[in-house]
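S.K.: Listed here are the chains, written in short residue letters.
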Amino acid sequence: MTDQELVEKLKNLLGDKIAEISNPALRRIFLKVEPRNLVPAVAVLKKDLNIWYLATITGVDLGDAFEILYHFGHDHGSLSLRTQILKAEPRIESISPTIPGAVLYERELQDMFGIIVNHIPDPRPLVVPDDWPEGNFPLRKEWKYERPAETIPGGKK
Amino acid sequence: MKFTIPIGPQHPALKEPISLRMTVEGEVIRDADIRLGYNHRGLEKLAEERTWIQNIYLTERICGICSHSHATCYVQGVEKLMEITPPKRGLYIRTLVAELERIHSHLLWLGVAGHEAGFDSFFMYTWRDREVVMDILEMISGNRVHYAINALGGVRRDIDELQKKNILDGLEVLKKRSEFYFKIGANEPTFVGRLANVGYLSKERAMELCAVGPTSRASGVARDVRRDDPYAAYDETPFDVCTADSCDVLGRTVVRIKELFESYKISKFLLKNLPAGDIAVKAPRKAKPNEVLSRYEAPRGENMHYIKSNGTDKPERLKVRAPTLANYPATVEMLKNGFIADIPLIFAAIDPCICCAERTVELRDARTGEEKILRFSELRKLADERHKNCPTKRNAEWPF
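The listed protein sequences correspond, in order, to chains B and U. Under our numbering, the first residue of the first sequence carries the number 1, and numbering increases by one thereafter. Under our numbering, the first residue of the second sequence carries the number 1, and numbering increases by one thereafter.
It is worth saying that the hints were derived from the structure and are not from the lab. Heads up, a few of these hints could be off.
Unchecked claim - Okay, derived cross-link-like pairs now, EDC-like style, lysine to aspartate or glutamate, Cα gap no bigger than 20 Å in a straight line: (1) Lys141(B) / Glu316(U); (2) Lys314(U) / Asp131(B); (3) Lys144(B) / Glu48(U); (4) Lys141(B) / Glu49(U); (5) Lys141(B) / Glu44(U); (6) Lys268(U) / Asp120(U); (7) Lys47(B) / Glu204(U); (8) Lys87(B) / Glu316(U); (9) Lys45(U) / Asp61(B).
Fair warning: this is a prediction, and the values are worked out from it, not measured in the lab.
From just these sequences and the hints, can you work out the full model?
M.R.: Below, the structure written as structure tokens:
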């Protein structure tokens, strides 16, 4: 299946759910959907196009919004599904019920960007330590790391 | 009666730190949980503050075994962003180093598998022979581990005729030795008996859980980025994708041995058809605002880098997905209903690379975060409360 055929198929299957579709390079397709259409679009990819392999989820901080990219791999290249949510209300629906392998990446997204993934099967932190202070999301652009002052346990205050 | 036993982050059975928590019933594992975060380095954040060239150095240090794979994945993405095309000869040398790296990584893994299965002479044999390919890599690049062969726009070192001959001789030795291992693998009943039917992962589950690399190929999923989405010189190189149908650790061993032979074949082809010409082109300092998705088949599975540029000499975002992270959900599946004694074997069979999988955040005293469910202060508060409420010792009576 060539890129062009896949783009046509996607247009037929998803119809007006597609906000934007582009094919910037060979075997690379970027598809933009509204957040509310994300889960149905993923279901269509899996059911009708047999694209079952989610490579990873990337979050990008755009300033006042987050862009979330779901990178899928298939036999003829890769397809990235992207969506944008407002930073003021960082919520996105989980795709783990459709793609069970997505849960680790969704947990990483929660830790790194503070995006709340609704209906995630396992909401525990993945990569940050248990005593990580709340409200610190390292991959947000405004977050800067400051080394905490060193204290000696039991030492002088 | 169920017990939860912690394994790691520091444990003699693990080569790198990771925390596994096993819920066991007698000898049988009923549930497994993987806790990451012990080894985090904050690499993706750091990459945003480094220039395109400094990041080659950084990405090469994501992993200590498949160092070339992350660097190549990054470099070929940035080349697309900068709109430069490396010369053919550069791409061939890059691919050659990639295949030699796969050989050394798979030989290393075979040794680890032999060791975990209690077959230590196998471990010593494979690691001895691995030195042959390590010497080849040192001859090409000057380094044994971090080859630093990649540059933006090509590679940094050329191969001459004498080196070519030496590499071909070395590959011949390795091929003979690998045939011997293949024979051992197939004919040594204790070895086969130890590996067969351990760590079962069905094809359906491998697909659902998005497993990658030899782990998924051993479950009959014929996926290989080198074939599906060819990069570097793979579109000109003939090779087969190796699979197995047994879905267990034995299958994963067979797939890796078969891949060794494929790698010998590819390396020979690349050397014999090495085009003449330059090895690199000059790269600009900055990249226009754009985005690119770069994929690479590392020895452990698919690497994926998503790189976004903003017109400066630094990336806006670098997302790294290492294969080990993708294989964790599948590992949990494999561990379930296995035996405690199989943990090292199953875990080793995905060829885990913890330092690859953990690269994203700042490490901030993870020491305290690992085995504890509550914070220490909360724990102390709880202990105080319990002490206040519990009947004092004076009132306690000896039951008999």
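S.K.: Now tell me if each hint is right for this structure.
M.R.: Evaluated hints:
1. Lys141(B) / Glu316(U): At roughly 10 Å apart (the allowed maximum being 20 Å), Glu316(U) and Lys141(B) satisfy the hint.
2. Lys314(U) / Asp131(B): 32 Å, violated
3. Lys144(B) / Glu48(U): Within the cut-off at roughly 12 Å; holds.
4. Lys141(B) / Glu49(U): Answer holds: Lys141(B) to Glu49(U) is near 11 Å, not above 20 Å.
5. Lys141(B) / Glu44(U): Given pair Lys141(B), Glu44(U) holds - Cα atoms ~12 Å apart, limit 20 Å.
6. Lys268(U) / Asp120(U): 31 Å, violated
7. Lys47(B) / Glu204(U): Holds, at roughly 14 Å.
8. Lys87(B) / Glu316(U): 18 Å, holds
9. Lys45(U) / Asp61(B): 12 Å, holds
Violated hints for the displayed structure, listed by number in ascending order: 2, 6.
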